[in-house]
Amino acid sequence: MRPFLLSVLVAPCLLAQQQQARPATSISIPFEKYTLNNGLTVVLSEDHTTPTVAVEVIYHVGSKNEVLGHTGFAHMFEHVMFTGSGHVPYGTHDKFTEGVGGSNNGQTYFDWTRYWETDPSNYLETALWLEADRMGFLLDSLDDAKFRAQRDIVKNERRQSYDNQPYGRDRELIGLAMYPNGHPYSWPTIGAMSDLSAAGVEDVKRFFRLYYAPNNATLVVVGDINRARTKAWIAKYFDELPRGKAITRPNVGAASLRGEKRLTFEDRVQVPRLWIQWPTVNMFSADAPALELLGEILAGSRTARITKALVYDKPIAASVSAGQTSAENVGEFRIIVTPRPEHTLTEVETQVDSIVARLKRDGPTAEELKRVKAGQELSFLDDLQSNLGKAFQLAEDQTFRDDPSYTFRVGYAKTQAVTAADIKRVANKYLGSSRVVLSNVPLGKRDLASHADRSTIVTDPLTEKTTEIRP
Amino acid sequence: MNRRPSFVSGLAAAVVFAAPLAAQQPKTPAKQQAAAKSSFDRRIVPTPGKVPDLTVPFWGKVSLANGAQLVVSEKRGLPLVSFQISFIGGANQYEPEEKPGLANFVANMLSEGTTHRNGDQISNDLQLLGTEVNAFIGGESGRVSFESTRDKFAATLAVLADLLENPTFPQDALDRLRARTIVSLTVNRDRTSGIANVVFPKSVFGTAHPYGRSMNEASVKAITRDDLVAFYKNYFRPGHAVISVVGDISQAEAKRAVENALSGWKAGGSVPDFSYPAAPSPKPTTIYLVDKPGAAQSTFALGEVGPPRATPDYFALRVMNEMLGVLFQSRLNHNIREVKGYSYGVGSSFGFGKGPGAFRAGGDIVTAKTDSALIEFMKELRDIRGRRPPSDDELAQAKASLVQSLPSTFASVTGVNNNIASIYTQGLAEDYYQAFARAVNAVTREDVVRVAQKYIDPEHLTIVIVGDRSKIEAPLIATKIAPIVVLDVNGDPVKKAVTP
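Protein chains in written order, with the working numbering: chain A, 273 to 743; chain B, 312 to 811.
Simulated from the structure, these hints should not be mistaken for lab results. Be aware that one or more of the hints could be misleading.
Computed list of lysine-lysine pairs in DSBU-like fashion (alpha-carbon distance at most 35 Å, straight line) [stated by the list, open to error]:
id	chain 1	residue 1	chain 2	residue 2
1	A	K477	A	K508
2	A	K580	B	K463
3	A	K580	B	K544
4	A	K367	B	K348
5	A	K477	A	K503
Bound-form chain A, shown alone:
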């Protein structure tokens, strides 16, 4: 699967009838939305470009619904959703997606878990049948052996994507430092190895009954569909699934970081790396679009401030990146720099701080702002070519904004309306002294940390200490 953008977070798009100075392309995602009696929200969108469909079910539950000691469970549960359900034997799901020229997968985030199928359009009813069966009848086929097998695979996912990757643990170490202990965004979605080992089948049942109810989900169908026939199938397969209890959302506090936390992590790497992160705002904040553009202004292109200064003009860095991520309850702004061998993390941090200070003092130029806004139209149009890309957008916007068209109707205009003064203001408001600075350094080289004398050595709390493998 090719990497894809989390488009609602990073690529706000074009709206249908905006009043912009620049020529607006009158493009929108046509859709129809309705709700079943059991609370399931349905969004349909026709696109007959190719004879294919995308089906997505998004559940408003993610790793932030976990509690300490049970981290990683929402994602492990997602794996269980592929092991068959009451009327769908294991393997059938793949047979009627990949095995007929389509695809399927699932994905877990702090705030949501989503599942999807893409299929030739003649298999739409089959895809709806598959999703309805695991929404209604997952527990009918659950057993301990299946669950334990899933657990081993998830542990291998953790090893492959985090533990065995250089710098793979940086984000989780920062999360633990930035949020109070037990804060729902403090642990990574993949979870701690020891928590994965401790989870059992009873946890699966409880989680399913709590969160996998129609009233906590949105079903989106995009592509080569006949809407009347599609509605009839949705009625047949989903209408009789019972509504669940009302969902209690976790009470999520702020990051409450006071002052700077400086960490040093010794990793199996040869090249050190610096990661600076500030707590910012969630996706509903009026400041989110300005922070997203600030990331572009600092490191989105060759002529972005930090990139130009550190990688090109006075090259002390091999690569840099920066950006805002806005989740349902919290947000983070990060700057990551990999120095060249003859330059230190301390030097890099000093330079970054000075560039950020200058931006806070002067704000961006009109030209800079124009450049970072210019790519959004193409980005939006490009996403419209994918049934699945559209499904992701409609589903997230429905789940978090109660409006499937939010991003292309409102979000794009909000981003286009950001001013240089907004960028200056949010830089001053959020990129302050309360932050986490992580130096990732080679094993035994803690002196390579930025301002090593002020940096605390952290260990690696979430990785397995001993190898636990099924016999």
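Go by the hints and put chain B onto chain A.
Just chain B now, with coordinates in the frame of chain A:
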């Protein structure tokens, strides 16, 4: 391989992919625990509708005065245009043997400055056009391309023409790219998969064959500005180029725009010779072990010299490989991930190409199960050769997955363009996509077994395993599968073979 995680930074890095799994087939559906009741028999699989027809986009082709071919395919609906100049031939045909990485450097350096714009100006101009121009040179083809909105097409094409015709290759930009590349190569050696991606081709083909060579510190340090200029002058010529334009634009408009923008691109160049030195003859199966102390998983890459793209066995190999290591429920992934739980995902592929691209199977395996996983890989490679012939269901799914996934590749302007361009860079018939289903569906069970026997030879495999030697060497020896040769991270021997 399917269902791999995608990497995005920050909060987004916390996104994790699932994907099916389960150790066992479930029992007969048990109804007693059902939270929901059903008013009809949900065990009945819905009957699919009629298979949708494949609509292959139409395209027209003309030759331009400078010798380049121009292909245009209209695709209306969204105001988007995809533009590509594809070059037939790549690094393997144009790069000096001792300088792997040169082609990559030349492609990168096109945007470092022209006689009209410096690197910053190129970047700024393209940002204002809302797009970027990408240049890439692979082993056997290259490409300079962009996607733009319709109204920015002519202006973006003008920037591309400037990069193509007037690059200056500044020395300071070369030095900067070199320094950055060396850091990337260093970081890549911290990944077991990064090491395997260098050591496997080198172990299979040796460095006398272009398929065995990779960019490395020494070759990168040796690249001079003169090398860039010489490669550029030889390579970026219309005589082996296909220009393809797909999107919200007519053939006449596209031709006019291209002729206007590329009027300065002078004739010259021709399709290169694709002959390669003979690949090394097969050697008895050997395990090449690379030590990566502390690795949580071992990366496997096992395979051998394969057939070229032009093999008459191409479609049979595609069908065979779908069921061996492409589909999620393929034999390798089903067994090693789903049943055994040794990995997050394994698979297999054929490199094809103008020469004998490698067959390669592999994935990342938990350290403690390195030996057990190798046993399972060997079992599956033997079984597909006839010990366990393909079932009807495997055959049907493998074919349908190939045939019925084709329409989705024509969804975007860039998808259509890639499909059209590959016809010309790979030298395929122009009705390739129309004929694709027939060719795939003609493959028989016997064909699958025959090509597995012909191209997968368990007695002559190169097995590269990168992992924690202190934990995996003794168990690997105990499997008695093959002798072990220990290599360093560059694929060079560090000690003599140990015979089990």
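Structure-based check of each hint:
1. Pair hint K477 (chain A) plus K508 (chain A) holds up; C-alpha atoms about 25 Å apart against a cutoff of 35 Å.
2. For the suggested pair K580 (chain A) and K463 (chain B), the alpha carbons sit about 25 Å apart, so the restraint of at most 35 Å is met.
3. For the proposed pair K580 (chain A) and K544 (chain B), the alpha carbon gap of about 29 Å is at most 35 Å, so the pair holds.
4. Using a Cα cut-off of 35 Å, the hinted pair K367 (chain A) and K348 (chain B) holds, with the two alpha carbons roughly 25 Å apart.
5. Distance restraint check for K477 (chain A) and K503 (chain A): the Cα-Cα separation of roughly 30 Å lies within the 35 Å cut-off, and the hinted pair is therefore satisfied.
When each numbered hint is compared with the structure, no violation occurs for any of them.
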